[in-house]
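Once you've looked at the hints, dock chains B and C against the given chain A.
Spelled out, the chains give:
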Amino acid sequence: MRRFVKRLYLALILLFLYAPIFVLMVYSFNVSKSRGNWGGFTFGWYAELFRDRQIMQALWNTIVLAVLSAVIATFLGTASAIGINAMKKLPKRVILGINNLPVLNPDIVTGVSLMILFIFAFNMIGRGGLGFTTILLAHITFNIPYVILSVLPKLKQLDKNMYEAALDLGATPAAAFFKVILPEITPAIVSGMILAFTLSIDDFIISFFTTGAGVSNLSIIIYSMARRGVNPKINALSTLIFAVVMILLYLVNRMDSEKLKH
Amino acid sequence: MAKRLIDLVNVTKKFNDVTVLHNISLYINKNEFLTLLGPSGCGKTTTLRIIAGFEYPTKGDLLFDGESILNLPPYKRRVNTVFQRYALFPHLNVADNIAFGLRIKKMRENVIKEKVEGMLKLVNLKGFEKRPVSSLSGGQQQRIAIARALVNEPEVLLLDEPLGALDLKLRKEMQIELKNMQQKLGITFVYVTHDQEEALTMSDTIAVMNNGVIGQIGAPEDIYNEPKNAFIADFIGESNIIEGIMREDYLAEFAGAKFKCVDAGFGQMSGVDVVIRPEDIKITNESEGQLKGTVLNTTFKGVHYEMLVQAAGFVWKIHSTKMSKPGENVGLFIGPDEIHIMKKDAKPEGEVLNEE
Amino acid sequence: MRSKTPAYPYIVWMAIFIIIPVILVFYYAFTKTESGGMVFTLENFARAFEPIYLGVMWRSIRLAFFCTVICLVLGYPVAYIVAQRKTGTRDIILFLIIVPMWMNFLLRTYAWLTILEQNGIINSVLASAGLPKLNLLYNEGAVILGMVYNFLPFMILPIHTILKKTDLSLVEAAQDLGANGINVFLRVVFPLSVPGVISGITMVFMPAVTAFIISNLLGGKQVVLIGNLIEDQFLNVYNWHFGSALSVILMIIIVITIGIFSVAERDEGGAVL
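Chains as they are written, first to last, in our numbering: chain A, 283 to 544; chain B, 35 to 390; chain C, 6 to 278.
This is chain A alone, in the form it adopts within the complex (with noise of 0.2 Å):
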């Protein structure tokens, strides 16, 4: 008797947290546009998804600031990391201190903050506005201390003997931080990229206020479409990168499991 209740008490939490999901997945594949009533089964809506210019130059803008923003941040990141790991107790905390303002701040004052900086600095200098520029700048902004965050205590563990021996193998410094911290430190700096990736996609407050006219990513999109009410085509969206997120948690956990086995 307990044991089932405990059960459906997981069971209801669980259809609680999926039921949303699953309604725009089958709501997508319906024929009328109102949700009360089936009226038949349709990939319409899917269909008119790509057709739309608007949101496929949107979620081409969210893969590029993706990959830039991550990529940038990654080696702004873990350069900071390996600076800071040299630096003196004082320093390194005042500057993980700074570092972890965006992480704390709450995402609106961390938007409205860079949204006023890029204005404030475009009306010094007389020209310039909000745009892809200025959202790929808050994103780095963002992305960097998460990055920082996953390479330094991995530089902590490192054996610190371990770039001596390479300079005492006769490796210059260049060669051992290429053959032998790189190498080491590699894991921390991918997953702090594939992070990086993540909360970039995932954006939306500052990406809302630090873009400009006609530059749109998808959570921006999603937004303006959201607030005019249900919108079929959001439900494909919804659907496909639904599909899309569980594809890469496969592929990471089998990814994973491989790496274990080895």
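The set of hints was computed from the structure by calculation and includes no laboratory data. Bear in mind that the values here come from a model prediction, so they are computed numbers and not experimental data. Every residue gets a Cβ at the ideal spot worked out from N, C-alpha and C, and that includes glycine. Possibly wrong hints are sitting among the right ones.
From the derived model, a few chain A residues whose C-beta atoms are all more than 10 Å from chain B [as the list claims (entries may be wrong)]:
#, residue
1, Phe286
2, Gly321
3, Val346
4, Leu372
5, Gly410
6, Met444
7, Leu449
8, Leu451
9, Gly452
10, Thr454
11, Lys461
12, Val462
13, Ile471
14, Tyr505
Partial selection, computed: residues in chain B whose CB lies under 8 Å from chain A [as the list claims (entries may be wrong)]:
#, residue
15, Ser102
16, Asn105
17, Pro108
18, Lys139
19, Asn186
Quick look at chains B and C alone, frame taken from chain A:
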């Protein structure tokens, strides 16, 4: 006459105003096995790291073959290091770890393969080429670390407490193996340890360090038999150290009695430290001893017994193959040769940091 | 590896994109634009404490509080049940709880729109049963529902992490000593899990109190939170001064929250030791 290979000239090293090496001078001969021995924090590892090139001295010079190498970066020095925690590269397998230095020198792969195999044979790990280093035991990792350094044919091998993480039995075996290797290859070894027994077993020369200064340099026998001060006497082997007075040359007074000794030149009635090794005190019948006492405790140590004897207000540690029972009244006899007199002020502050 | 130089580009970046923006927010919060120049003023904060805006702040905190309580009540049993399961099943259930979080936040919120709206599923069911339609959207209830839906995993995961580490044989030990179920829970399990509960509360309360998308989509114009006010000031009213003052207040609320909970966590840690 042995050839001087490394010269440390008046080396001082400070870390943020903390002086860890005070004006040290030391030379190391070619093919010598020199051990830097001392408690933790005495500056022995810093000395080694200066030779390797990881630290730059605040003052002083470092000569290699008579030429200053202070401004030579570590990767250009003809020395290699075996680190305390081995510092093997976890992303490389055994063979690639050993080949690291050779690949940096861009040697041909078939030469590398040959050399790696030779090294693995030398350290008794044939057939381990493809193993990941994480799968090896501590002792095996240690051997790989040694092989990785030796394959570069350094003129000097620096070893920083390389056996510290191994268990006692393995440590003893490796001590002998290392010594054999050094003699076979004819390479100069500079060895850092806090383990006096290790130092006595392996070294040609021991430099005892404490608080950033070298207290004594010499052959193991000399350091053991003629320690220069009470700290060294206590650190190298076990000792009874007792305060005394030099009545006159060749006559010391301690424990309420006068003893003939072989030391002179301390000045009349000067306060001194008297050091006597536990194996140098003989237990006799109560009537025949210079001191009379009672056995407090007896422990069997394998080769000998260790007795603690209360006499003249002092507990004496005595090693003997003959057992005396606790409670027994005995006499103690100390011959003139066994008494080592040391100047009092030579005893450094805060010593006896022996970790064990 | 002892060089600090690689950090310098990011230090410059931080100065430009983290520090200066925060300074600008404070600058705007304490100034007003007057005949072309900026003048120091406290007016923006005084205005924020007018009843109408105080009401908004109070609503933000109240809704975040309700959301947190509901998440705790719903989430704790989930964490507890999952922690009792064997590793295999446990990982699968945890995975199932995490997966929806990988969906875009907007889409998850939007999904409720389709369920709750006038022609949504619930109302269709009611209509087909001959019952009158309900106004499920655009009220505080809908906003709380959206928050709970989005933030529930943030409550479950930290509690579960602690409970998983807790030796549940303690429970058996306590039962063995004659404690009944509720006693075991109150005296053994719950006290041990308090650190997880604290971090769960922090992780739910903070995004809830700063939320503005959920209230925008599910609350409409009826449920205005601080986040909505800030958005409005920057994007519609163009009063950066007042918007910045509100942002400063929001930051203060977050700092206080973190402060309270890190003190609570430290006390708890001390008590455990």
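ask   = Hints broken by the structure, by number, lowest first?
value = 6, 7, 8, 9, 10, 11, 12, 15 and 16
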